[in-house]
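Engineer: Based on the provided sequences and hints, a complete structural model is requested.
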Amino acid sequence: MGLLDNLNKVADKASKVAADKISDVTQKVDATVSSADSGHLLQGMLGNYQKQNIDSVASRWVHMLIENEQVISAYKLVRDEIVVTNHRLLFVDAQGVTGQKKAITQIFLDTIVDVKFTAAGFGFDDTDIYITYLTNPYYKAYETSLSVHHFEFPKKLDVSDFYRFLVQISVENRIKINS
Numbered sequence: 001m002g003l004l005d006n007l008n009k010v011a012d013k014a015s016k017v018a019a020d021k022i023s024d025v026t027q028k029v030d031a032t033v034s035s036a037d038s039g040h041l042l043q044g045m046l047g048n049y050q051k052q053n054i055d056s057v058a059s060r061w062v063h064m065l066i067e068n069e070q071v072i073s074a075y076k077l078v079r080d081e082i083v084v085t086n087h088r089l090l091f092v093d094a095q096g097v098t099g100q101k102k103a104i105t106q107i108f109l110d111t112i113v114d115v116k117f118t119a120a121g122f123g124f125d126d127t128d129i130y131i132t133y134l135t136n137p138y139y140k141a142y143e144t145s146l147s148v149h150h151f152e153f154p155k156k157l158d159v160s161d162f163y164r165f166l167v168q169i170s171v172e173n174r175i176k177i178n179s
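Counted from 1, the sequence shown has number 25 at position 25 by UniProt numbering; the numbering is strictly sequential.
I should point out that these hints are in silico values taken from the structure, not numbers from a laboratory. Wrong hints could be hidden among the right ones.
As the list claims (entries may be wrong) - With a straight-line cut-off of 25 Å between C-alpha atoms, the simulated BS3-like cross-links for lysine-lysine are:
| # | residue 1 | residue 2 |
| --- | --- | --- |
| 1 | K51 | K76 |
| 2 | K76 | K155 |
| 3 | K51 | K176 |
| 4 | K176 | K155 |
| 5 | K101 | K76 |
| 6 | K176 | K116 |
Structural biologist: Following this line, the structure appears as structure tokens:
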């Protein structure tokens, strides 16, 4: 009978630990959802980015910036972010239930060769920006390797400055590559 009692105690303790962990995760998720206002939450659920305060983004991601790199602008989903610096675009993908694990992907600005803009239409249409960039490190290679990254922004967000910035970068890059 002693072994059975010990097994029951261990099972009860494991059950309590698991319940506490689930409660902690639930509280973190609830706090994240309640901290976002309903407009941002709805836009995030639709996959739309919202503009962020540059100073707060720069202080939060200072450990990821290289020497002389500065944050120019930033956009955020419910948990994911786009950070635009003077050298690259950073895509921060929060993973898992709590979002504490983050995958960071970058596109160097000097690899961007084309930008496509689709204006928002009627109803639930979004503003879309497609960035085409070189994925091989040799820009004047005989064979180029390209990739496209797509962003959706809410129609009420003015992304014209971001679009013009990307187009200017792509024009300068094409001139450099082809000269």
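Engineer: If you test the structure against every hint from before, which numbers come out violated?
Structural biologist: 3, 4
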